[in-house]
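Q: Listed here are the chains, written in short residue letters.
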Amino acid sequence: MPGDTEQLAVVDGVGPGTAAAGSGAVEASKAHASSQPTTQSSAQVTKRLQSELMALMTSAQNDGVSAFPDGDNIFIWIGTIVGGAGTVYENLSYKLSLKFPVDYPFQPPTVKFETPCFHPNVDQYGNICLDILREKWSASYTVRTILLSIQSLLGEPNNESPLNGYAAHLWSNEEEYLKVLTKKYQEAVGTNK
Amino acid sequence: MTAEGEQQPDAADVANAAAEAVATEGDDRPSDADIIAHAASIRDEQAQRPLVGSREPLSSLMDDFVGAAPALVSKCEALAKSHSHVRRMRRDGNCFFRAFLFGLLERLIGRPEACAAAKKRFGDYGKKLVEAGYQEFVFEDALELLQECIDKCAGAPGPMDESSVVTLESALCDAVTSNHLVMLLRMVASCEVSRRAEFFEPFIQGAHDCDVESFRRRFVEPMDEESDHVVMSALSEAVCCAEVTVEYLSADQAAAEAIQFKAEDAAQLDESCRVHMTMVYRPGHFDLLYPQ
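As given, the protein sequences belong to chains A and B, one line each in that order.
Position 7, counted from 1, in the first sequence is what the working numbering calls 7; the numbers after and before it change by one each time, with no gaps.
Positions in the second sequence are counted from 1; adding 1000 to them yields the working numbering.
Source of the hints: derived by calculation from the structure; they are not laboratory data.
In this text, all values refer to a predicted model and were calculated from it rather than measured experimentally.
Glycine included, C-beta positions come from ideal geometry on N, C-alpha and C.
Wrong hints could be hidden among the right ones.
One side only, chain B facing chain A, incomplete, derived with CB under 8 Å [unchecked claim]:
1) P1112
2) V1138
3) D1141
4) M1183
5) M1187
6) R1217
7) E1221
Simulated pairs of lysine to aspartate or glutamate, EDC-like, Cα-Cα distance not exceeding 20 Å [as the list claims (entries may be wrong)]:
8) A/K136 / B/E1226
9) A/K136 / B/D1209
10) A/K136 / B/E1213
11) A/K136 / B/D1270
12) A/K47 / B/D1141
13) A/K136 / A/D103
14) B/K1119 / B/E1243
15) B/K1262 / B/D1228
16) A/K136 / B/E1243
17) B/K1262 / B/D1209
18) A/K47 / B/D1209
19) A/K136 / B/D1211
20) B/K1119 / B/E1226
21) A/K136 / A/E175
22) A/K47 / B/E1144
23) B/K1152 / B/E1169
24) A/K136 / B/D1224
25) A/K47 / A/D63
26) A/K47 / B/E1140
27) A/K136 / B/E1225
The following block holds chain A by itself, in its conformation from the complex (with noise of 0.2 Å):
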C-alpha cells in the first residue's frame, strides 16, 4: 500500500472525511486487544483495518456501502448498506455494526443489522447467516466485500435455510413481501431515530 496511513488512525466516529489528528485511537484499540488472548501483535491487526479505512474512503465507488469506525475504538466498525437497485430492497438504507476479533483477518468480524432487518437470513436480533461470516470465511475479504456480499444477500436470501421463516416463505409473492418490508422497515427507522 503506498503511503503511511498513521494518519488515519484516528477517528472521531462522526463520520467519513471528519476524522482529525491524535493518537487515541491505537491506544485505545490496542487497550481493547490486550484483555484479551492474542495471537498476533494488535498493532498488525490495527494496521489491517487503517489500511481497509483508507480503501474504503479512497475509493470513491458509488455501490451503497460505506462504513467508519464507531468512536476511537478501531475494532468496531458502523456500516450502511443500502439495497441494490432492482431488488424490493432498492434505496432502503440498514445500519450494520462489525465487531473485528484481536486474530482479524483470520476469524471474521461479528456483524449484525443494528436496523431491524426483514429478511429470510436476518434473525430478530440482527444476526445474518452468510456463510462467508462463519465456515467459509477468509482473509481476502474486507470490510468492503463483506458489506457488497450482505448487499447482495439482501436481493438474493437463501432461502433454504432461513433464520425467518416468514420472510422466506413469503419471498415467492413480491407484492405481499414488499408490503411486509416496507412496513417493517418503517417501523424500524420509526422508532429507531
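Start from chain A and add chain B according to the hints.
A: Quick look at chain B alone, frame taken from chain A:
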C-alpha cells in the same frame, strides 16, 4: 473409502471423520451428533500436535497402519524402498499447503540462486493478485513474511543445513507465521484457478458441482478446507519452480500410485532454480516424504 474405519476406534489416524462416516455408512451409520463429536475430538487431539512435525523414520508411518490397514502396510513397505523419512503435518485441513510451504522452503535452504528465483516469482505473483482484484493490504504482510523466510534460506551455509532446517521448523510451527503463509498460498492458488478458469472448470464442475467462483470462495480461500487436484495443480503452476510428486496410499489398489504436479513452463527454468518435493497422501491427509 477404506474399510478399516469399521474395525478400529483409532481410525482417526487413518481417515478423517468424514471418510470414516462414509466407511461406516450402512447398517449402523453414526448419528450426525456422533460425527460432529468425533470430528471435534480429532480436532482437539490434532491441536495438541505441532503444525509441522520433525523428521521421523518412515517406519513411524507404517506403525499407523499396522492392525488397522494391512493393505497400506505393504504399500508403505514399497515406499520404504525409495524413501527414508516422513515429516508429519497437523491434520487441520491445511496439510497440503503447509507441506508445500515447508517442502519448498526446506529445499531452498543454502541455494541462493533458487531462492532469488522463488522470491522473484512470488513478488511477480503479488502483481497478479492485484490484477485479479485482491486488495494489496490483504496479502502484503504475508508476502513480505515469505520473502523474509526465503532470504533466511538463501543465507544458509549449504543445502539442507541442519540448523537452518530447525529454524524453519520453529518458524512454521508458530501459528501466526505459519497461517499467514498458508493464507497467502491459498490466495495464490485461488488466483491461479481464476486465471485458468477455462481449463479448471470441467474438473471443478465434475468434482464439486459448482462454478469456478464459488469453488474458490468455498474450497480454496477459507482456511482448513482440504485440497484437491485442482488446488494442487493450480499452486504448482503458480509457483512454477516447485514440482510436487504425490505418492497415493489407498487400500484398493495394488501399488502406491504416484502423481506429479509440475508447471507447464517449469521446463524453461534452469535446474538450479527448481525444487522437487514428495508428499504421501492417504485419504484426507498429506505429509512430506524424504527420498533415501
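Q: Work down the list of hints and note, for each, if the structure agrees.
A: Taking the hints in turn, this is what the structure says about them:
1. For B/P1112, the interface hint is violated, since its Cβ never comes within 8 Å of a Cβ in chain A; the closest pair sits about 29 Å apart.
2. Of the supplied interface hints, the one on B/V1138 holds, with its beta-carbon coming within about 5 Å of a beta-carbon of chain A, less than 8 Å.
3. The closest approach between the C-beta of B/D1141 and any C-beta of chain A is roughly 7 Å, which is under the 8 Å cut-off, so the hint is satisfied.
4. Restraint check, B/M1183 versus chain A: the minimum CB separation of about 5 Å is within 8 Å; hint holds.
5. Interface hint status for B/M1187: upheld, as the beta-carbon distance to the closest one in chain A is roughly 5 Å, under 8 Å.
6. Given the 8 Å rule on beta carbons, the hint for B/R1217 holds: about 7 Å separates it from the nearest Cβ of chain A.
7. The closest approach between the C-beta of B/E1221 and any C-beta of chain A is roughly 4 Å, which is under the 8 Å cut-off, so the hint is satisfied.
8. At most 20 Å may separate the alpha-carbon atoms for a hinted pair to count; A/K136 and B/E1226 meet this at roughly 12 Å.
9. With a CA separation close to 17 Å, the supplied pair A/K136 and B/D1209 stays within the 20 Å bound.
10. Only pairs whose Cα atoms come within 20 Å are accepted, and A/K136 paired with B/E1213 is accepted, the gap being roughly 13 Å.
11. With a C-alpha separation of about 39 Å, the suggested pairing of A/K136 with B/D1270 is violated against the 20 Å cut-off.
12. Proximity of A/K47 to B/D1141 is assessed by CA-CA distance (about 10 Å); at most 20 Å being required, the pair is judged to hold.
13. As the CA atoms of A/K136 and A/D103 are separated by approximately 16 Å, the hinted pair is consistent with the 20 Å bound.
14. This hinted pair checks out: B/K1119 and B/E1243 have alpha carbons roughly 16 Å apart, not beyond 20 Å.
15. With a CA separation close to 15 Å, the supplied pair B/K1262 and B/D1228 stays within the 20 Å bound.
16. Taken as a hint, the A/K136 and B/E1243 pair is broken in the structure, with Cα atoms around 29 Å apart against an allowance of 20 Å.
17. With a C-alpha separation of about 26 Å, the suggested pairing of B/K1262 with B/D1209 is violated against the 20 Å cut-off.
18. Distance check on the hinted pair: A/K47 and B/D1209 sit about 38 Å apart at the alpha-carbon level, beyond 20 Å; violated.
19. Distance hint between A/K136 and B/D1211 is fulfilled; the C-alpha atoms sit about 16 Å from each other, no more than 20 Å.
20. In summary, the hint linking B/K1119 to B/E1226 is not supported, as the alpha carbons are separated by about 26 Å, beyond the 20 Å threshold.
21. Taking the CA atoms of A/K136 and A/E175, the gap is about 33 Å. The hint is violated against a cut of 20 Å.
22. Straight-line distance between C-alpha atoms of A/K47 and B/E1144 comes to about 15 Å, which keeps the hinted pair within the 20 Å bound.
23. Among the hinted pairs, B/K1152 with B/E1169 is consistent with the structure: their alpha-carbon atoms are about 13 Å apart, no more than 20 Å.
24. Among the hinted pairs, A/K136 with B/D1224 is consistent with the structure: their alpha-carbon atoms are about 10 Å apart, no more than 20 Å.
25. Proximity of A/K47 to A/D63 is assessed by CA-CA distance (about 25 Å); at most 20 Å being required, the pair is judged violated.
26. The straight-line distance between the Cα atoms of A/K47 and B/E1140 is roughly 12 Å, inside the 20 Å bound, and the hint therefore holds.
27. The suggested pairing of A/K136 with B/E1225 holds, with an alpha-carbon distance near 9 Å, which does not exceed 20 Å.
Figure legend: structure checked against the earlier numbered hints; hints not met, in rising order: 1, 11, 16, 17, 18, 20, 21 and 25.
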